[in-house]
Amino acid sequence: MTSTASIAADFTARPTRGSVVRFVNSYTLPLLLAAVFIASAISTPDFATFANIRAILINTSIVGIIAVSMTAITISGNFFSLGIASSTVLAGIVFLAVSGLTGSTLAGLGAAVAVSVTLGIMQGLIVGAGLNPVITTLAVGSVIYGLVAIATKGAVVTAGSVDVAWLATWNFLEIPLPVYIFVLFTAVAWFLTEHTLIGRNIHLLGANRATARNSGISPPATTIWAFIAFGVGLGVAGALNASQLHQMQANDLAGLTMDVIAAVLVGGTAVSGGEGSPTRSALGALLIVALGNIMLLHGLDNGWRVFLVGGIVVVLVVALHVLRKVSTR
Amino acid sequence: MHFSYARTWRKIAVAVLATGLLTSTAACSTSSSSAAPGAPAASQGKGTGTGTTDGSGALLKVFMPSTSNVYLAAASQSIKDEAKALNYTVNIVENNWDQTEQDQQVQEWLATGERAAAVLMWPAGAAAATNSIRLLSAQAPVIQFNNLVTPEASKYVTAYAGVSDTGIGKEAGANALAAVEKLKAEGVKFHGPGGKPNVVEIRFTAGYAAGDDREKAFAEATPGAFNMLAVEPTPTVDAQGGFKAASQVIPRFLGQGIDIVYAHSNDVANGVVQALEQNGLKPGKDVILITGTSSGDMTNLRSGKIWSATLQSPVIEGALVVRTAAQYIATGQVQSGDVTIESSATKPELKVEAPHTATYMMNPQVTAENNASFDIWGLSFDKLMGK
Numbered sequence: 002m003t004s005t006a007s008i009a010a011d012f013t014a015r016p017t018r019g020s021v022v023r024f025v026n027s028y029t030l031p032l033l034l035a036a037v038f039i040a041s042a043i044s045t046p047d048f049a050t051f052a053n054i055r056a057i058l059i060n061t062s063i064v065g066i067i068a069v070s071m072t073a074i075t076i077s078g079n080f081f082s083l084g085i086a087s088s089t090v091l092a093g094i095v096f097l098a099v100s101g102l103t104g105s106t107l108a109g110l111g112a113a114v115a116v117s118v119t120l121g122i123m124q125g126l127i128v129g130a131g132l133n134p135v136i137t138t139l140a141v142g143s144v145i146y147g148l149v150a151i152a153t154k155g156a157v158v159t160a161g162s163v164d165v166a167w168l169a170t171w172n173f174l175e176i177p178l179p180v181y182i183f184v185l186f187t188a189v190a191w192f193l194t195e196h197t198l199i200g201r202n203i204h205l206l207g208a209n210r211a212t213a214r215n216s217g218i219s220p221p222a223t224t225i226w227a228f229i230a231f232g233v234g235l236g237v238a239g240a241l242n243a244s245q246l247h248q249m250q251a252n253d254l255a256g257l258t259m260d261v262i263a264a265v266l267v268g269g270t271a272v273s274g275g276e277g278s279p280t281r282s283a284l285g286a287l288l289i290v291a292l293g294n295i296m297l298l299h300g301l302d303n304g305w306r307v308f309l310v311g312g313i314v315v316v317l318v319v320a321l322h323v324l325r326k327v328s329t330r
Numbered sequence: 351m352h353f354s355y356a357r358t359w360r361k362i363a364v365a366v367l368a369t370g371l372l373t374s375t376a377a378c379s380t381s382s383s384s385a386a387p388g389a390p391a392a393s394q395g396k397g398t399g400t401g402t403t404d405g406s407g408a409l410l411k412v413f414m415p416s417t418s419n420v421y422l423a424a425a426s427q428s429i430k431d432e433a434k435a436l437n438y439t440v441n442i443v444e445n446n447w448d449q450t451e452q453d454q455q456v457q458e459w460l461a462t463g464e465r466a467a468a469v470l471m472w473p474a475g476a477a478a479a480t481n482s483i484r485l486l487s488a489q490a491p492v493i494q495f496n497n498l499v500t501p502e503a504s505k506y507v508t509a510y511a512g513v514s515d516t517g518i519g520k521e522a523g524a525n526a527l528a529a530v531e532k533l534k535a536e537g538v539k540f541h542g543p544g545g546k547p548n549v550v551e552i553r554f555t556a557g558y559a560a561g562d563d564r565e566k567a568f569a570e571a572t573p574g575a576f577n578m579l580a581v582e583p584t585p586t587v588d589a590q591g592g593f594k595a596a597s598q599v600i601p602r603f604l605g606q607g608i609d610i611v612y613a614h615s616n617d618v619a620n621g622v623v624q625a626l627e628q629n630g631l632k633p634g635k636d637v638i639l640i641t642g643t644s645s646g647d648m649t650n651l652r653s654g655k656i657w658s659a660t661l662q663s664p665v666i667e668g669a670l671v672v673r674t675a676a677q678y679i680a681t682g683q684v685q686s687g688d689v690t691i692e693s694s695a696t697k698p699e700l701k702v703e704a705p706h707t708a709t710y711m712m713n714p715q716v717t718a719e720n721n722a723s724f725d726i727w728g729l730s731f732d733k734l735m736g737k
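Chains A and B, in that order, are what the protein sequence lines are.
Heads up, this note's numbering is the position in the first sequence plus 1, with the first residue counted as 1.
Heads up, this note's numbering is the position in the second sequence plus 350, with the first residue counted as 1.
Among the clues, some could well be false.
To be verified - Quick list of the computed label-pair ranges, beta carbon to beta carbon:
{"id": "1", "chain 1": "A", "residue 1": "Phe51", "chain 2": "B", "residue 2": "Thr690", "range": "32 to 42 Å"}
{"id": "2", "chain 1": "B", "residue 1": "Glu458", "chain 2": "A", "residue 2": "Ser105", "range": "48 to 58 Å"}
{"id": "3", "chain 1": "A", "residue 1": "Thr170", "chain 2": "B", "residue 2": "Asp562", "range": "41 to 51 Å"}
To be verified - Going by beta-carbon spacing under 10 Å, a handful of chain B positions derived as facing chain A:
{"id": "4", "residue": "Gly687"}
{"id": "5", "residue": "Val689"}
{"id": "6", "residue": "Thr707"}
As the list claims (entries may be wrong) - Covered by chain A, according to a simulated footprint, are these stretches of chain B (three or more residues, beta-carbon under 8 Å):
{"id": "7", "stretch": "412 to 426"}
{"id": "8", "stretch": "469 to 482"}
{"id": "9", "stretch": "517 to 530"}
{"id": "10", "stretch": "594 to 601"}
{"id": "11", "stretch": "639 to 650"}
Honestly, the hints are just simulated from the structure, not real lab data.
Note that CB positions come from ideal geometry on N, CA and C, so glycine has one too.
Bound-form chain B, shown alone (with noise of 0.2 Å):
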């Protein structure tokens, strides 16, 4: 009895982990359109373009993280739909945000010998994936995105297209900086020496190199204007990670007094939020929460708990990384030096013209009162976050 119960279960047991291994493959493998044949890579020397924005169906090669994050969806869909409007053939092969996965993602499709005419890379982890962008620049231009080209990856990247993390930290410094002068201009004493805010920053996780530029960033737009008390890091990036480490950070400086806590995503800041109000202060009264990546519930935001955040948008950037290479492919050239998209309303005319070694994504200051007229390429405030 007892052996043909544990045969049936056993049964059912190996038909669930089967079942398991699809599913979990189908939510973190490939989520791409049909690639079409593939059409040969574009010259990668100088001036030797095929003159044209238009693809010719010619294929774009995208390896990226997991669409299981919404900002990555987002720029997934946008990519499919910035390539189909310029008649370029899509392939994305994603990877749990593992680099060693994504190696062997490369060396496969290398493999392959499908030929591509650009590749867009967004490396699962940028200080590791050196060798995967060296192998691929063999055979494409590289177009490297959200994760900033590292020196030793330098010479195998055609250009970089996307976040600025310097630009978010930098913005976000400006907004703290503007925050304060209103608040002194109200009357508002702060509780730092001399005068000064007293500031927490709870930054991206130890080691990632988006938190280090937003930190060093924000640090260089503010010299001097506030007394910052501690640099603390989450242990995730997301609400959670900064619920965990605000709600250890803020009791131990309760008695100094805390004027900012600037938060490099509004994600993170909803849990600093959660954090604030359990320890007793009001957020968006007793302190100012400035944040980086407009990210996240964005109910805070909206209600004034969080004063300010710095608009990413992945839509923008799926666009710019697939334009980028569009115009690489019709010129053959880059141009030296970076350049950082304007705020417009309508969306910019794709010209015929060699892209810069790094085009950055606009970063405006999004904010309660502002997120609902948002007008950027015609695009509301949620559908820039591809809500």
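Isolated chain A (complex conformation) (with noise of 0.2 Å):
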């Protein structure tokens, strides 16, 4: 029999297994991150540099903006894309042909987004449908990249004598644009996950699909939301790596895809959804290229950066893992 004061004690417990539950999930990695750079400003040579520390943000950038995107995917309960690599070559090539064509990296611009975000509306309606999401996005990928691939032929797209580099190149303090747009981009998906309609539904369909659609949520029209803010995030980030670069081919960004889920998985996003935070993602892609510039600095070699780097990356994961799961028994 349950005596009065267990019962007592065990609500006034909940609170406080409540304030760990998101005391873990808001500040595990913004510590964490914090304590690594504090370390290796102090120990490691060269890193606390600013021409350094630009370097950690602007390799954080393009991975960072597609991750911030995808976030909201993986919260609805519907796990990643796998077509990220294609479908970022595809808004960069469509974002150099129209910016050569019509003078404008603008137009070039917005022809990536609406490209990207019709693609994410295609794939939020397969989804929401009910199809597995893995299965749909990496059969969506094979799409694109053989699309791509025939009307290609395997060249290199460039946008002829039209400059588009300045949307990579033009800096404010000498800190690039990219870098800007991601820390606004994630400060726009913060907003809209965190503070809006959408984002909250967003987080309940991830959490329980059946008490959602008892709500009145619907599933589909959720998903398809959360595949049109990854659709944004892969047309801006589609351009910004062909603006960097001034080209791009079919078989290029081979890595990016795992880079990005990495960086989601570092940020503590639960894969099973209903739990996660575009600002936390950004923080995972921010950590994961700084451990790798620190070991760079240490003079790893690169199989030793590749394998430490993975191996924290797995040891992140479990530990944010284990500890919500302690933190809510």
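Could you use the hints to bring the two separately framed chains together as a complex?
The structure is reproduced here in structure tokens:
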């Protein structure tokens, strides 16, 4: 028989557990990142230089934008997109082609975003209808890759004589535009996910699909919104990537999909959905790049760097999962 | 209502998925001319050739990675063109850069019983391709191209024809030394100890044999001439990979001063250019950028941001492997040793003589000044690159 005292104790403990969960979810990664940066600034020569920090931010920006935009898909319980690389390449090629044809970089950017959002809506419709998101995005990724390869015949696509580089090189305080876009994108995604009805619907859909449906939330419509956000991110990232290098070809960005998924996982977004934050995905992307950079500055060979960063990602993902489980018991 | 909605969309989804499979298959699979009935395999015994380089319609079976890459697309077209000129039929089977897939394709082809005069093999991963090459060699002479023959596979490969990564590394080393001499004459001072130039090498992906050969050959061609600050592998062999690697490693050595960056290809170097500029350095002025393969967009090379590249023509590589096969079929023999073909303005006449164990392409320097006047085998630089 349960005593009144134990019921009272259990009742009073719940808010404590809730606050622990919130603390773990909200502050573990920022604190870890801060610790890594402080420790590295003290122990690693050249880490705390402006040029190096800028390099870390630049390298984080494109992966970060996609990771931030994909977080809504993961939170909504639809796992990941496995067609990231080919979709980003397509966006980059559309950006270069339209910029070259119209002479306007902004028209190219708009076209890249429009194409990516359209593809996002199509995938959202399919996944919203109940098809497996992993299979769907993988298949759509293959379609895109195939079409790009056929259309370009494997050739390098450029914008011709049109200067598209300013989109990646324009800078303020010597920090280039992609970094500001990354920060802005993260802020907007955070606001939409945490402080709007659509954002709350996405969270609830991922946490409990049946309850969400019973609450009047449309799973297809909510899924489509998540994929639209993803499409915007892909379009912007593809255009930035293409403007950075002034070129794009079908086989580019081979490792991008895994980089983005790693960033989302390190950010602590639950693979099963319902829990996560675009801000933490952005920090996850930043942490992965920073760790690689620190090891590079310590002179570790590429093999060791890949091994250690991979190992740290696994440990972090497991640790965050265990912490969350323990704190919710 | 919901169920009918779901059913409708599921039908659409299934249609999209099926389209996806078909499209990706079309992009990554065979891109071939129609194969004529297989001709009897040429004898591999010494001195039992056909006596002519005319193929009489015999089949050359080609296994190579996907033509979704512009280099491979140009090489593939060149193989077809050269085969047609020599009256051979060619049938090409592509894989998506996957040795396992290529292994399956080889076994499926062998199971058909089709006969070929020779097999032209670009292994997806040379280190793991030995068994497929062994199986193919029991059916027809195997002429390997692009990936150098491994010691394990050497007894099954009749001859090699194509790119020499060692040659490219050597040429890049010579180009770097020439650039240094030119700048010294102009009074430029370098940042390394004893006035040596500080060099950063952005090499092909770790474990990629072409990168190993280019790194080694560059070092051997420039003994003690440079102060090598770092050799950084790219995560992928493209401009994005070059940018990723260079944008991390360049800030590390900004304080020491970087004089030369050696990138293993022009494509990778395009990413290095961006990384240099983002770190306030002017490629072509503050930093000399020496590159290997003349791949990717050539804007930076033509503007002088990239000092030099090294010609690696897919058109010549494609023609070379077919010509080597034709010579072997004609003579039934292979000359021991290797040879690098000369850069000539006219395409050499194909003689009925045994090919060498290894025939390498020429690797002349490509610069902003000379790329417009290139004339090898009657082809301009762009034509040589398959554009």
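Hints, verified against the model:
1. For the hinted restraint 32 to 42 Å between Phe51(A) and Thr690(B), the CB-CB distance of approximately 47 Å leaves it violated.
2. As the Cβ distance of Glu458(B) to Ser105(A) is approximately 49 Å, the hint placing it in 48 to 58 Å holds.
3. A beta carbon spacing of about 34 Å between Thr170(A) and Asp562(B) contradicts the range 41 to 51 Å that was offered as a hint.
4. About 35 Å separates the beta-carbon of Gly687(B) from the nearest beta-carbon of chain A, more than 10 Å, and the hint is not met.
5. Below 10 Å, beta-carbon pairs count as interface contacts, and Val689(B) has none with chain A, the closest being about 30 Å; its hint is therefore violated.
6. Taking 10 Å as the C-beta contact cut-off toward chain A, the hint placing Thr707(B) at the interface is violated, the least distance being around 31 Å.
7. Closer than 8 Å: that is the beta-carbon criterion, and the stretch 412 to 426 of chain B has 8 residues meeting it against chain A, so the requirement of 3 holds.
8. Counting residues of the stretch 469 to 482 of chain B whose CB falls under 8 Å from any CB of chain A gives 0; the rule of at least 3 is not met.
9. With 0 residues bearing a CB less than 8 Å from a CB of chain A, the stretch 517 to 530 of chain B misses the requirement of three and the coverage assertion fails.
10. Coverage of a stretch by a chain is defined here by at least three residues with a beta carbon nearer than 8 Å to that chain's beta carbons; for the stretch 594 to 601 of chain B and chain A the count is 6, and the condition holds.
11. Counting residues of the stretch 639 to 650 of chain B whose CB lies closer than 8 Å to any CB of chain A gives 3, which reaches the minimum of 3, so the coverage claim holds.
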